[in-house]
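Chains G and R, in that order, are what the protein sequence lines are.
So the mapping is simple: the working numbering equals the position in the first sequence, first residue as 1, plus 1.
So the mapping is simple: the working numbering equals the position in the second sequence, first residue as 1, plus 1.
It should be emphasised that the hints constitute simulated quantities derived from the structure, not laboratory data.
Only a predicted model underlies this, so the values are computations on that prediction, with no experimental measurement involved.
There may be inaccurate statements among the hints.
Note that the list lumps identical chains together, so a pair holds whenever it fits in one copy or between two copies.
Below 20 Å or equal to it, Euclidean Cα-Cα: the simulated SDA-like pairs (lysine to any residue) are [said to hold, decoys possible]:
{"hint": "1", "residue 1": "Lys540", "residue 2": "Asp525"}
{"hint": "2", "residue 1": "Lys311", "residue 2": "Gly285"}
{"hint": "3", "residue 1": "Lys619", "residue 2": "Leu569"}
{"hint": "4", "residue 1": "Lys570", "residue 2": "Arg605"}
{"hint": "5", "residue 1": "Lys576", "residue 2": "Ser601"}
{"hint": "6", "residue 1": "Lys576", "residue 2": "Arg605"}
{"hint": "7", "residue 1": "Lys17", "residue 2": "Gln269"}
{"hint": "8", "residue 1": "Lys612", "residue 2": "Pro562"}
{"hint": "9", "residue 1": "Lys54", "residue 2": "Ala332"}
{"hint": "10", "residue 1": "Lys576", "residue 2": "Gly603"}
{"hint": "11", "residue 1": "Lys576", "residue 2": "Gly602"}
{"hint": "12", "residue 1": "Lys576", "residue 2": "Ala597"}
{"hint": "13", "residue 1": "Lys612", "residue 2": "Ser631"}
{"hint": "14", "residue 1": "Lys17", "residue 2": "Ala325"}
{"hint": "15", "residue 1": "Lys570", "residue 2": "Gly603"}
There are 2 protein chains.
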Amino acid sequence: MSFAREIDAKAIELSKHVLRMTTASGSGHPSSALSILHIVTTLMRRVMRFDPKDPWNAAADRLVLSEGHAVPAVYAAYADLGGVVGRDRASARSLSFDDLKTLRELNSPLDGHPNPAEGFPFFDAATGSLGQGLSVAAGLAIAARLSRTDRRVFTIIGDGESREGQIWEAADFIVDHRLTSVTAIFNCNGQGQAAGVSRQQSSEALAAKMSAFGWTVRTIDGHDADQIVAALAPADKPIAVIARTVKGWGVDLLHDQSNHGKPLTEKQLAAGEAELDAMAVKLGVRPGKSDLPLPAQPAPAAPPQQRSLKTVPFANAMNDAGLAPAVEKNACGTRRAYGAALLALGKADDRIIALDGDVSNSTFAEYFAKAIPQRFFEGKIAEQNIVSVAAGAAAAGYIPFVSSFAKFLARAYDQIEMAQISRANIKIVGSHAGVSLAADGPSQMSLHDIAYFRSASHADNGRGAPVCATFHPSDAVAAYHCTWLMAAHPGMCFLRTHRPDTPILYKADTEFRIGGSHVLATGDALTIVSSGYMVHVCKEVVENLAKSGINATLVDAYSFPLDCAPILKAAAATKNRILVVEDNYIGGLADAVAIAAAESGGFRVYGMTCKRIPKSAKTPAEVLAYVGLSPRDIEFEAKRLIG
Amino acid sequence: MSFAREIDAKAIELSKHVLRMTTASGSGHPSSALSILHIVTTLMRRVMRFDPKDPWNAAADRLVLSEGHAVPAVYAAYADLGGVVGRDRASARSLSFDDLKTLRELNSPLDGHPNPAEGFPFFDAATGSLGQGLSVAAGLAIAARLSRTDRRVFTIIGDGESREGQIWEAADFIVDHRLTSVTAIFNCNGQGQAAGVSRQQSSEALAAKMSAFGWTVRTIDGHDADQIVAALAPADKPIAVIARTVKGWGVDLLHDQSNHGKPLTEKQLAAGEAELDAMAVKLGVRPGKSDLPLPAQPAPAAPPQQRSLKTVPFANAMNDAGLAPAVEKNACGTRRAYGAALLALGKADDRIIALDGDVSNSTFAEYFAKAIPQRFFEGKIAEQNIVSVAAGAAAAGYIPFVSSFAKFLARAYDQIEMAQISRANIKIVGSHAGVSLAADGPSQMSLHDIAYFRSASHADNGRGAPVCATFHPSDAVAAYHCTWLMAAHPGMCFLRTHRPDTPILYKADTEFRIGGSHVLATGDALTIVSSGYMVHVCKEVVENLAKSGINATLVDAYSFPLDCAPILKAAAATKNRILVVEDNYIGGLADAVAIAAAESGGFRVYGMTCKRIPKSAKTPAEVLAYVGLSPRDIEFEAKRLIG
């Protein structure tokens, strides 16, 4: 048989497995899977260089299935190759056709959508929330460039999915950074979930758009293996393959629009398979017999190696970043110290890369960008993309720091959640958080972020780490050391920094830890707990209270998941009274302390948070007063708590 | 003078005000403002039909300044017209040139970025987080079509800003819905914040892209008023004007890249003004003298009128939606009841519109879509856009319901926050939340959403309402009535629904309220508090506990900001013991109860939340066991709490 007929035969054979596994699971998207089986089979049997027995090989070509719900197609093709599944090399085993029927089961590596963390290492990132795969592919391509491997990265994107703006952010990014190793394959089957795909996502429209975005565009019949192979030949520019396909190819039973995400019933299954047999007869092929070769092997390669992470002393790093005068003046914001730490880290460890969204001169990623431009990737004003790019680069062993204003990162929360599911080792840095930003106003202030990130910090990622460890340092020393902690910690972290330049509170060699806190003052009347910028405000309050003979303990609780035991212990020495002060909406520190206090019982906790939508004002002090967080407000509540 | 020279003169005059006001405020973005002053002046003096004395006129043309940081340009042009500012008609007054120097002050209507809620009603939505204005414009255009007014909607978008994917989502949406009343003006000054704008956002690239997206494209010199007027002439397709401009036009002092977001110093101000004077001489114009006419007046029009919102009885509405059999079988999910309520609301009130992201057959917005297609707007797979479109439509008096999977809405959280700042009366509905989704796996499960939305529910929007009221109903009756509550409540709301079909717990005419809860069982051993799907699991637990002689109180706490007093009162009758159970990450119900308990003191509260990243499994029960929330787990903790 010709190669194209071989692929037809293989696609038909695997289509039957797709029907069976989705029927067995009672859920899944067989019609989407059937539309990409020629593409998947051609990629995995002819085009991609990889070893199904070693999916961890860092030189192998990669496939990112952006259209995650079509995953049964890849599961079937991978089982056909006896590909290795397992969470690590120790538990590795070959996937068999029999395993396919465990699709979506609790103990199966075949999750409902691509999920490498559950034991399918052929993939690099969890997908299924749409529009993120092209960015992940870009991240893998960045890593390949840094690691000097010639791996290619293919991604399959649904036509309907290409409506997601992130696809276009990624398309720009890939051209900006000349990531020609990325190939985007648009699966144009014309059907969405609720209705047909818009004409704005027709194969013609997508071809015109990708061309306007600067890509080489090749439109093909996505069920013709010869055309697929030709379209995937490398070019000088990144390639967009516009593949016209049929949803539910070969199975009329699946063609109807209403069949999105519906498997055949047990009763329909035989008829579905018979349809595929008839298609085989029509095409003159015999499924089950295959002369297709195994994929070509890549040269083995190793991911970037871990170096020692010996912390550079604070003073040296600040000096190196040009911040010695700021330290001298005792006015140095947490965002600046983050920049200094990132620079020091970048010099100490080649795995560290940085991404930013056109605000590196505000987040202070610019110190790194200027000193180590080859590992800095400017994402421009497109936050969703840089988060998913980071997840891709992390999958290849890099440690990406992604920075923007904390407020703007909120548009990438779904991407952050997908990175959490991927267990991506990425570090997210949100600057200008809270109301202390003042003049720029609420459109730039992040107020929900603490609740959001704390939420993830209290769940386990299955590898003994929080889903996302969170840091909210109050001064430059704390921000500096927390950044180092983040780099050393294997798992997602979030760092929240502020705009104002603030005094330094800690000795340069103070130790910090995930979930840690420090006592900054000790009293007997009440314990005030705060973090970030508000620690400075609370310090003022403590000093004021002392003038009226009230001695308060002040705790800087700079990290989630917060270890509350030391705080409750401190509060036990202040008549069990705790006042918590935050510059964000509810859901953060006050909650963490209250949960711990209410679990143990016997404490009185009062939380102060941002109680109204802020607005512009000239100074942080004015906004603090506006939202009920002035020193006077805090003093009032402290005295009320004392009673 | 010719019209173009008149505009030159006006732009120069207003540029001086921009310099002065930003210098006075000590912050702001004069260079961006100067790049759009010809466009703004031409729009506001020649093209737009509006009455500066009545910015609330529902027939007037609108300007959405997507590039929010350039707002001093609009403030200056509006002051020049004596435009009316104020939070409502009662407090309305004319803006003067003197007022401009209050830019960014606490008591000024001139917030750092466009912020209609602080008293600048010329705008419809807060902007400043970039990439959202074109969607807002689309929402205004939808409203105009429904209200049968011929208002045009202009939006100014920065070139760097057009990197945001949402711009391209909006571009598709506007073509899909033939919203030819929208005109997008791209301000191509070539400079971003940290560096120059990418070639991917050059005027040529943007022209090619917008053309590929199906728009009429007109490239002009953005400082030539004649060209601006010509480019803004209506066309059959929506128009994209690609305006080549100069950042800091007329003021060399501002041209340098590093000047983004930096006003002139007091010392530089005179030199800046002198540069503008020199420009006037060069162009042969005399700033300060103007023969420009006032804008053309639109016909007065009224926004859509409020009708009575008499609740349709549950049974009637369910029957109308075809759900009588589901009710009969006692298996009807909250998402279905939402669909029935939306349909009933749509029939009862013309202000109700619905938007969905290609999942209306999952969220059950489809009942509305089929019955009232003229008020249903399919947004396809692009969640950011539909949220901002809703904000735009709400500004024109409509009540939009926006639905998708709760998980996918996380990519629109920044858009939701901007809508909060706008005080947009929009209703957000997230389906398939929590771990009960099971088979589809974590990429489709929303776990952070409760923490996120609760966070906003506890702050005040300045109009006596929560920033976002949140509902998490446990059964069809509750979901039905909560949807009606949302429609009647003037302010943002979030509704969280689940996939599974569950039994009905409430009588059809039960009353619900914001912050409310209901006691479903009364005991003496402990109080179990839950919401949504977990209420059913807890009900099973309560029944099991009863078998071993332990009588628990069960509270369904379905709304935030939660009124905790009744819960603490109930708990007082159960020895002050409270167990809270949630199917999401921490930050929600347990926190709310713990905060209240710890404030009052004397209670013991233990919270159970989703403790690890879930995965696929065949049934909700399997996933619940996997994440530590099975009935057995809950029973164990209940007994432990009793001691």
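Now the hints, each set against the structure:
Taking the shortest Cα distances, Lys540 and Asp525 sit within 20 Å of each other inside one copy (16 Å), while across copies they are farther apart (45 Å). Proximity of Lys311 to Gly285 under the C-alpha cut-off of 20 Å is found in neither arrangement, the shortest distances being 65 Å within a copy and 65 Å between copies. In this assembly of identical chains, Lys619 and Leu569 lie within 20 Å of each other by CA distance neither inside one copy nor across copies; the values are 37 Å within and 42 Å between. Taking the shortest alpha-carbon separations for Lys570 and Arg605, both the intra-copy value of 13 Å and the inter-copy value of 17 Å come in at or below 20 Å.
Taking the shortest alpha-carbon separations for Lys576 and Ser601, both the intra-copy value of 15 Å and the inter-copy value of 15 Å come in at or below 20 Å. Proximity of Lys576 and Arg605 under a CA criterion of 20 Å is satisfied in both settings, with 9 Å inside one chain copy and 18 Å between copies. In the homo-oligomer, the alpha carbons of Lys17 and Gln269 lie at most 20 Å apart inside one protomer (12 Å), although the nearest pairing across protomers, at 75 Å, exceeds that limit. Taking the closest pair of Cα atoms, Lys612 and Pro562 come within 20 Å of each other only across two copies (12 Å); inside a single copy the shortest separation is 24 Å, beyond that limit.
Taking the shortest alpha-carbon separations for Lys54 and Ala332, neither the intra-copy value of 56 Å nor the inter-copy value of 47 Å comes in at or below 20 Å. When the C-alpha separation of Lys576 and Gly603 is checked against a cutoff of 20 Å, the pair qualifies both within a copy, at 10 Å, and between copies, at 14 Å. When the C-alpha separation of Lys576 and Gly602 is checked against a cutoff of 20 Å, the pair qualifies both within a copy, at 13 Å, and between copies, at 13 Å. With identical chains, the CA atoms of Lys576 and Ala597 are at most 20 Å apart both within one copy (16 Å) and between copies (19 Å).
In this assembly of identical chains, Lys612 and Ser631 lie within 20 Å of each other by CA distance solely inside one copy; the values are 12 Å within and 36 Å between copies. With identical chains, the CA atoms of Lys17 and Ala325 are never at most 20 Å apart, being 67 Å at best within one copy and 38 Å at best between copies. In this homomeric assembly, Lys570 and Gly603 come within 20 Å of each other (Cα to Cα) both inside a single copy, at 12 Å, and across copies, at 18 Å.
In summary, the structure is inconsistent with hints 2, 3, 9, 14 from the numbered list given earlier, while agreeing with the others.
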